[in-house]
Amino acid sequence: MNTIPVIINDKKLDVDPGKTILEVCRENDIEMLTMCHLKGVMDIGACRLCLVEVEGANKLMSACTTRVNANMIVRTATDKIKRYQRITTELFFAERNHVCSVCVANGKCELQQLGYKVELDHIRYPHLFPQCEVDTSHPWYVMDHNRCIMCTRCVRVCTEVEGAHNWDVMNRGHQVRIISDFNTPWGESITCTSCGKCLHACPTGAIWPKAIVQGQLEKKPEMLSELMEKRKMKL
Amino acid sequence: MNKKKLATVWLGGCSGCHMSLLDIDERILDVAKLADIVKSPVVDGKEMPPVDIALVEGAITSDEHYREILHIRKQAKTLIAFGDCAVMTNVTGMRNYFHLKDVFDTAYRNAISNDQEGKVPDHPSLLKLNEKVVPLQEVVKVDFVIPGCPPDADAIFYVLFEFLHDRFPNLSKAKKLKYG
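Top line first, the protein sequences correspond to chains A and B.
For what it's worth, this note's numbering labels the leading residue of the first sequence as 1196, then goes sequentially.
For what it's worth, this note's numbering labels the leading residue of the second sequence as 2, then goes sequentially.
Derived lysine to aspartate or glutamate pairs resembling DMTMM-like cross-links, with alpha carbons at most 25 Å apart: (1) A:Lys1427 with A:Asp1238; (2) B:Lys133 with A:Glu1328; (3) B:Lys176 with A:Glu1285.
Not the full set, but computed from the structure, chain B residues with beta-carbon under 10 Å of chain A: (4) Thr90; (5) Glu139; (6) Gly149; (7) Lys176; (8) Lys179; (9) Gly181.
A short list of chain A residues far from chain B (calculated; beta carbon distances all over 10 Å): (10) Val1210; (11) Arg1221; (12) Gly1240; (13) Val1337; (14) Ala1359; (15) Ile1385; (16) Ser1389; (17) Cys1390.
Simulated from the structure, these hints should not be mistaken for laboratory data.
Beta carbons are placed, not taken as given, at the ideal position from N, Cα and C, and that holds for glycine.
Generate the whole structure from the sequences, applying the supplied hints.
Below, the structure written as structure tokens:
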């Protein structure tokens, strides 16, 4: 196959055309921060953590939704990008109610890991402290909107991997919420197959099984990516 | 070398951070060589004297805490927000999702364990809760933060040891950054 040359962080790479900047970076061990990306399901550029500088573009581009072009010059770790990543992470924490010490995902949370990576020790913005619902109507699982960061990985996994489309999104801005069916309790859903893929896709402690207590959550998002790879194989 | 003065204060928190401070175990002797602990919930003392380092646990929840933190800021050369509550309100701030009246009603009127009267305590000597809990940095300038619920004893000792040697610690570089 023909490859095209790109320059990422001053390093010349020959890559397959059609790939996204994020895919190229991951293949070449260039560290990229992501929250909404889950290998195997569609990328939507929601979390804004994978923003990169592309020479010639007048704005930062999300690496997960931008495909490589021949002779593209990309920078992934400039001071500006690091500053933005830190701001984005702080806003994740400030928007809803992330209380790590009482969370099932404590210690295994992708948001916590992200905080450590961007060296976040405190939040410079006032917390919004919204009143969020906790939907415990499902017999096995809980949806806690306090801990949701609107990455929509659950929505995409439910639609693209399970094919059920129980989850969707309503409202805009800080009112935005993940909904089950037409904003009805999860336990009353007529589309949910109770497969549990959404809770493995969730990067935080927003979706979790009732059998779990504080800090005991184990998630396997890579299992979902593997599942999609297997489906592509012609057996 | 002059010994430094160290204070630890307990505001709106559960004292778990202080428990973790005690968890530095025998290393407290190393701290004692370099500093005198002049005010702390574990030593006797009234007014906060001028100090070099003040570790402040807990969020600002009431008028009393508000006055106290302003006083601490005046007295302390280095003010350290100590633990998740002081840094980002944490569990103490979980009442911020509700109106203060509902919080009181839940605790004193509607709780099953309450007596018949269901009276909210309002003695003049009691502190008055603010409508919202805020972290220290929203009231005063904070010089350093140690997040964690509670912070690890190692992280606490590392920060104290660096400050007592007039160095500025970096929790992230020391791989001791943690929340929850």
